[in-house]
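Undergrad: The primary structure of each chain is shown beneath.
Protein chains: 2
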Amino acid sequence: MPAPADLLSYIDKNADAFIKRLADAVAIPSISGDASHRKDVFAMADWLNAQLKQLGVDTKLVDLGRHTMDGEDLPLPPAILGRIGNDSNKKTVLIYGHFDVQPANKSDGWDTEPFTLTINEATGQLIGRGSTDDKGPILGWLNVLQYHHEKNIPLPVNIVFCFEGMEESGSEGLDELVVRESKKGGYFDGVDCVCISDNYWLNTRTPALTYGLRGLSYYKVTVAGPARDLHSGVFGRTVHEPMTDLISLLGTLVTPQGDILIKGVDEMVDAADADERQHCTNTVPRAIYEGLDYNIADVEAAARASIALSADKVSVLMGRMRSPSLSIHGIEGAFSTAGAKTVIPAKVSGKFSIRLVPPQTPDNVDPLVIAHLEEAFAKLQSKNKLTVENLHGGKPWLADHRHWNFEAAKKATKAIYGQDPDLTREGGSIPVTLTFAESLGVNVLLLPMGRGDDGAHSTNEKLDKSNFLEGSKLLGTYLYELAAIQK
Amino acid sequence: MPAPADLLSYIDKNADAFIKRLADAVAIPSISGDASHRKDVFAMADWLNAQLKQLGVDTKLVDLGRHTMDGEDLPLPPAILGRIGNDSNKKTVLIYGHFDVQPANKSDGWDTEPFTLTINEATGQLIGRGSTDDKGPILGWLNVLQYHHEKNIPLPVNIVFCFEGMEESGSEGLDELVVRESKKGGYFDGVDCVCISDNYWLNTRTPALTYGLRGLSYYKVTVAGPARDLHSGVFGRTVHEPMTDLISLLGTLVTPQGDILIKGVDEMVDAADADERQHCTNTVPRAIYEGLDYNIADVEAAARASIALSADKVSVLMGRMRSPSLSIHGIEGAFSTAGAKTVIPAKVSGKFSIRLVPPQTPDNVDPLVIAHLEEAFAKLQSKNKLTVENLHGGKPWLADHRHWNFEAAKKATKAIYGQDPDLTREGGSIPVTLTFAESLGVNVLLLPMGRGDDGAHSTNEKLDKSNFLEGSKLLGTYLYELAAIQK
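Going down the list, the sequences are from chains C and G. Residue 487 is where the first sequence ends in UniProt numbering, and the numbering goes up by one at each step. Residue 487 is where the second sequence ends in UniProt numbering, and the numbering goes up by one at each step.
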């Protein structure tokens, strides 16, 4: 059941008004990570709530309590729960999005004012903080709602909305809400599937559906020696230096080619092949990635340097999507500024993290990491002290992309873009995805609106006008395909 | 020729007045590294100049020009040149000291106000910034001058003074002055030897003379990859990560036991043994260090941790005094603060330095370091870019401790302290030492006043009252022994 042709032409006809509404949303600097902008996150919640009500959604703001940020006690922005339609003959889809944004200052290197949506007519880009992450996609849903409201046409499915204002700052308070409302009698009870539009195409050309996210396990490995920093002239070659030990330890983790040297970590993933085949495809893993519209030039354009690990697109894609990765982020406690300081730092902490794929979890990877570091440290025969901490972690997520939720989205994509979507897994994490999947026990679909070069979290964040409009049509069409498809 | 007994008792009798004068000097916060205190460095120069004039020294302030610090254009504090005595039948000794100090705030962890000299009657300590580094030693010379001036007794030697106010900030402008004034007809022309009192005993028990300082070669090794920082979720295991490469490189430099792995660096020093024997002693190097009053507990007390590289005092002392050392100071450009950031830093610079001993110089060590890093980087087969820079360096210094300048100091030490001094080499650098040695072509003696635990540059800097008074006697006696000794 395709969407009514009228919906599609309505979106084209109302393009200017929709872009104007996106400009209104972008103008509210709802930066969740900056205490001084907390009032703007509240203002953004009020703005979105008013929009939803006006379009016939029954909403409520949920107080998520307070938290401490940068030493300041602050109220958490409310979550917005909404419902439209309550027809037991229709499927119910839960739609998630977030109305907070990353920080942005023109002085960071923006070409335009970040909180003024700027339309570049030449490139067709809508430039501004939050344009693609995640105000554009949220407003895509509003565009669809507006058509049905204005034309007084019932939606093809029941929709439950869950919008939050702390996604860019760890989604504080949301997990508890989702778990609570997923229980019998809760707000989300009866939801058949979930759709989240908060990620990106693999490239700038081909729409995508996303069925996997990597998890994360973040480590802090500390080597402590003297009680305070020492002078390298006085103490050089008389004591065990914590930096020397730490550098040795960090050097045992990963090769310059990305292979993880912690025994058992890479090995664990081979066992997952069978699982991936069973759930997602009957081909060997390589073949999945062979079909994606992607090439080495894409990754090197994104990194703006010719530094891909391989000239083979499949191994690069598998490295990002279905392999764990280990990145060393930095060292706390050492000399880190410009200039030349001859210090022997007393206590240094290396920070590294492993992106996890099934069947890896922080719980089964932690012991391997700790054993590896303790063994490597013992070999150094240092008198310094070692501590290993897991700072935080999250499990990976993998959905069945042959589920009807995905099939509906495939049909919608074909209808709007005239091509099959890339079926992708993301290298990063959107932790709430797993929370929805585990709490509700239903299929979760990631249905991106923007392109791979949108620059979410970066300067000059943009959403292409065509992605905003075609993406709105895609979201609407998905609802119709969802209604039509056999469960 | 020992000093007149009257000089020694004069110093004891005037102890309170001398300590009062030290308190006056400490009260001027002449912090050369803080632009807001530059006026205090000038005030300190005026104070010291007035003291010298009052005690019969013919002085002049030398304008050293201007410099930029923290983006501010500032006048450099003047050097003070002074002369007392011009008898061609007497030896002429050049005495160097500095009247600027390190920064200090009570909030850094001081128990007392840093710029108020506090006398702890129980411990006999004179506590305050600059007490031992280097106002105490300078005032030791003033104490000696005062005796001769007041009693109208001619000094046994001619003295040329060179005091500066930028020692704690790189001695800007001084090298040029020393080189210029060392030429024929210059202020320092005719100087027979140099004495610098600006370092410390090896321990808290035994007076020392110092005949060697290590040099330094400071390196910045940069690995650059992507044009900007990347997200480890999106890019982990797709690109060559600069941090992985850099950690690998830094891991090839030195063992946790302090052995330098850069081919040729440690090896170069064995060749120096013969030289050391020839100039300084006819025993094997080990025996030199065997005789020093030092034990492992001293180094571990100073580091406040049981982290000495060896239980053998000789190898620890040799590690500090006659071996090169390599310390890794930190990384610029990586994540360095608290918390957990999942960044792949785009460009990271490791900072490390090698303390040099003869015959090592930055010039002969640089090529070994560069070749080592380039070879190690090539092995990584990374597509990132490597750059190696030498940020700054200085040659090591080694004097003949059998020279009459040292013999005079040995006799003076025996006379005042009743024991032979430890003959030490320092692990750190005092660059002006080498400048004097090379420009004047005469023997330079380091004659420390303070103890190894004085905490120069640290909180609660102190000079023991006994070191101030006996040290003043030592300086005075040294001048008499210098006059008497056969050139």
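It cannot be assumed that every hint is accurate.
Any copy will do: because identical chains look the same in the list, a pair fits if it lies in one copy or spans two.
[As the list claims (entries may be wrong)] DSSO-like, lysine-lysine: derived pairs with alpha carbons at most 27 Å apart:
no., residue 1, residue 2
1, LYS184, LYS90
2, LYS341, LYS39
3, LYS341, LYS263
4, LYS385, LYS313
5, LYS487, LYS341
6, LYS383, LYS465
7, LYS106, LYS411
8, LYS383, LYS313
9, LYS151, LYS53
10, LYS385, LYS53
11, LYS385, LYS341
12, LYS53, LYS90
13, LYS379, LYS313
14, LYS341, LYS220
15, LYS263, LYS379
Since the hints were derived computationally from the structure, they do not count as laboratory data.
Undergrad: Any hints from earlier that this structure breaks? Give me their numbers in increasing order, please.
TA: As far as the earlier hints go, 5, 6, 7 and 10 are violated by this structure, in ascending order.
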